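J.: Protein sequence lines correspond, in order, to chains A and B.
Taking the UniProt record's numbering, the leading residue of the first sequence gets 1, the next gets one more, and so forth.
Taking the UniProt record's numbering, the leading residue of the second sequence gets 1, the next gets one more, and so forth.
Derived by calculation from the structure, the hints in this document are not laboratory data.
These figures come from a predicted structure and were not determined experimentally.
Even glycine gets a Cβ: it sits at the ideal position worked out from N, Cα and C.
Just to be clear, a hint being listed does not mean it is correct.
Partial selection, computed: residues in chain A whose CB lies under 10 Å from chain B [claimed, not checked]: (1) Gln117; (2) Phe119; (3) Pro151; (4) Tyr158; (5) His176; (6) Thr180; (7) Lys181; (8) Asn185; (9) Asp188; (10) Arg196; (11) Ser288; (12) Val289; (13) Glu292.
BS3-like cross-link-like pairs, simulated, lysine-lysine; straight-line CA separation at most 25 Å [to be verified]: (14) A:Lys169 x A:Lys123; (15) A:Lys123 x A:Lys147; (16) B:Lys147 x A:Lys178; (17) A:Lys147 x B:Lys214; (18) A:Lys181 x B:Lys147.
So the derived list for chain A, only partly shown, Cβ under 10 Å to chain B, looks like this [stated by the list, open to error]: (19) Leu133; (20) Thr166; (21) Asn202.
Protein chains: 2
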Amino acid sequence: MSTLKVPQSVPSVADDCEQLRKAFAGWGTNEGLIISILAHRNNAQRKLIRETYAQTHGEDLLKALEKELTSDFERLVRLWTLDSTERDATLAHEATQKWTASNKVLVEIACTRSSVQLFSARKAYHALYMKSLEEDVAQHTTGDFRKLLLPLVSSYRYEGDEVNLTLAKTEAKLLHDKITKKAYNDDDLIRIFATRSRAQINATLNHYKDEFGKDINKDLKTDPKDEFLALIRATVKCLIHPEKYFEKVLRLAINGRGTDEGSLTRVVATRAEVDLKIIADEYQRRNSVPLERAVVKDTTGDYEKMLVALLGHE
Amino acid sequence: MSTLKVPQSVPSVADDCEQLRKAFAGWGTNEGLIISILAHRNNAQRKLIRETYAQTHGEDLLKALEKELTSDFERLVRLWTLDSTERDATLAHEATQKWTASNKVLVEIACTRSSVQLFSARKAYHALYMKSLEEDVAQHTTGDFRKLLLPLVSSYRYEGDEVNLTLAKTEAKLLHDKITKKAYNDDDLIRIFATRSRAQINATLNHYKDEFGKDINKDLKTDPKDEFLALIRATVKCLIHPEKYFEKVLRLAINGRGTDEGSLTRVVATRAEVDLKIIADEYQRRNSVPLERAVVKDTTGDYEKMLVALLGHE
Chain A
1 MSTLKVPQSV
11 PSVADDCEQL
21 RKAFAGWGTN
31 EGLIISILAH
41 RNNAQRKLIR
51 ETYAQTHGED
61 LLKALEKELT
71 SDFERLVRLW
81 TLDSTERDAT
91 LAHEATQKWT
101 ASNKVLVEIA
111 CTRSSVQLFS
121 ARKAYHALYM
131 KSLEEDVAQH
141 TTGDFRKLLL
151 PLVSSYRYEG
161 DEVNLTLAKT
171 EAKLLHDKIT
181 KKAYNDDDLI
191 RIFATRSRAQ
201 INATLNHYKD
211 EFGKDINKDL
221 KTDPKDEFLA
231 LIRATVKCLI
241 HPEKYFEKVL
251 RLAINGRGTD
261 EGSLTRVVAT
271 RAEVDLKIIA
281 DEYQRRNSVP
291 LERAVVKDTT
301 GDYEKMLVAL
311 LGHE
Chain B
1 MSTLKVPQSV
11 PSVADDCEQL
21 RKAFAGWGTN
31 EGLIISILAH
41 RNNAQRKLIR
51 ETYAQTHGED
61 LLKALEKELT
71 SDFERLVRLW
81 TLDSTERDAT
91 LAHEATQKWT
101 ASNKVLVEIA
111 CTRSSVQLFS
121 ARKAYHALYM
131 KSLEEDVAQH
141 TTGDFRKLLL
151 PLVSSYRYEG
161 DEVNLTLAKT
171 EAKLLHDKIT
181 KKAYNDDDLI
191 RIFATRSRAQ
201 INATLNHYKD
211 EFGKDINKDL
221 KTDPKDEFLA
231 LIRATVKCLI
241 HPEKYFEKVL
251 RLAINGRGTD
261 EGSLTRVVAT
271 RAEVDLKIIA
281 DEYQRRNSVP
291 LERAVVKDTT
301 GDYEKMLVAL
311 LGHE
């Protein structure tokens, strides 16, 4: 469930572009006007605004935003304004170019998007960077990380509901055997998470819990400092409980020492139109405080206003 | 260049379906009539015939062909009649279900199709088999073969012409180092062939030849019995010289002891509408006999007639 609030009667695209142009004009920028427009238009509407703005004013709206805005507010507005597939391609590109073992953005994009969305992001990656996403992932990652990330970003998972229970049992046992032996980088363990459908993995993990008495992610927590293990846990969580994965990213971003604006911006920009309502409910359940209140407490100025608008504040 | 001959004035789809129905009716089957229609319709026309036939006669044309025809002729007509993406999905499925180390069909499909065609075959695989191609490849192959085949069938290569010459030099050296050490299953060697664009790989292999004096496939021929090495050579050839790869498949199919109808059928059915003319020219250059004459000498009956028709005999 989306948190996006689009007014019942939306101004014409031409009007929106005109207002944005005004917000940029003269000394100073009218940030409130920008928020009142862009934070309340859906993906298709923003795409049309960007196209029309380029035609009318001969400038890419994203470039104009880059010139007029600064810092976290700028990044949030720009990421949000991007078409969702281009946004995914952009985030994935950033992740490959400055990849670190703790970076979970590639897993996030590979495992929380639909198969078609992931493929669309790969297409957008060709167009934007003149190479393939998997090419950059393979080049910029190494060892076990590459072994996991390459098939994840290249996957086109089957999305039907059908489940093979015999297979679920076999593979639950296989996973348990490998995990017991701490063979976390085992070929078959990676194969299962990288290629099976969500429905099938879910059945396998249900059987795992029934048969061996623990959530698999508990068994995968033997060493909290092992970043490869953390990446496998993120994979499992993104595939099966994306709302819990994103809740935790927000929790760590907000509750840590200082705020991790990068993660906060990314989650709000990528999920507002998808399932941010569910993530916010999960956040409140887990932290006993509404997500919006926590965000307001931790952020300021136009950045705060844009976040709150995307969180669906009336 | 295609060898397909479509008549200047093609009968209506309804007429084609009617004639096919007649060819199946009564005692015996009119194989000549079937060839005269199906071997002279392009992919779009055959697709329409199959749809119209199902609507008109309440039966899948492929099922009817299966009932009426037999043996190599049946397989050729059925493979040819299939839409090209469904055909690729079918061939890939056969290859995963009865996979052997010497089977090169997966490499062939992954490396001689365009990125969009390969992706379309993966989509068709979902629809036909309710799972993903990479899922089956990962499950049914093992070890080094899996390490190579999984990224190959999952790839969505960039198809632009741009080449990075610095990268080509670095990676040519890297390939040479690994090959000199006989590290054929090296992560980076596989990464290069599985993810780089054709243009980039071509540049790398040109530099390889200039710098180290030999074609890479010569250096990859240290052990003619090593099936993994043979698969890497097939990968390189399919990516860079598909016409030479297919010429060799035909040569071995025709010139071996007995005929390998499986390979002959597959190459003719999959390439007739693509580049069979180029492959046939390559065959004649390499064997000093026209492909059509070689095929006629090695095959008989309706199978021969259908092959000759697809080879473009007037």
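J.: Confirm or reject each hint.
T.: Structure-based check of all given hints:
1. Gln117: violated (14 Å)
2. Phe119: Hint on Phe119 (chain A): holds, closest Cβ of chain B at ~7 Å, below 10 Å.
3. Pro151: holds (6 Å)
4. Tyr158: Since chain B brings a Cβ to about 5 Å from Tyr158 (chain A), closer than 10 Å, the hint holds.
5. His176: violated (18 Å)
6. Thr180: For Thr180 (chain A), the interface hint is violated, since the closest Cβ of chain B sits about 22 Å away, which is over 10 Å.
7. Lys181: Where the cut-off is 10 Å and the nearest Cβ of chain B is about 19 Å from Lys181 (chain A), the hint is violated.
8. Asn185: Result: violated, 13 Å to nearest chain B Cβ.
9. Asp188: This interface hint holds because 9 Å falls under the 10 Å limit.
10. Arg196: holds (6 Å)
11. Ser288: violated (41 Å)
12. Val289: violated (41 Å)
13. Glu292: violated (39 Å)
14. A:Lys169 x A:Lys123: The given pair, whose Cα atoms are some 36 Å apart, is violated under the 25 Å limit.
15. A:Lys123 x A:Lys147: holds (22 Å)
16. B:Lys147 x A:Lys178: Roughly 19 Å between the alpha carbons, so the hint for Lys147 (chain B) and Lys178 (chain A) holds.
17. A:Lys147 x B:Lys214: violated (31 Å)
18. A:Lys181 x B:Lys147: holds (22 Å)
19. Leu133: holds (8 Å)
20. Thr166: violated (13 Å)
21. Asn202: violated (15 Å)
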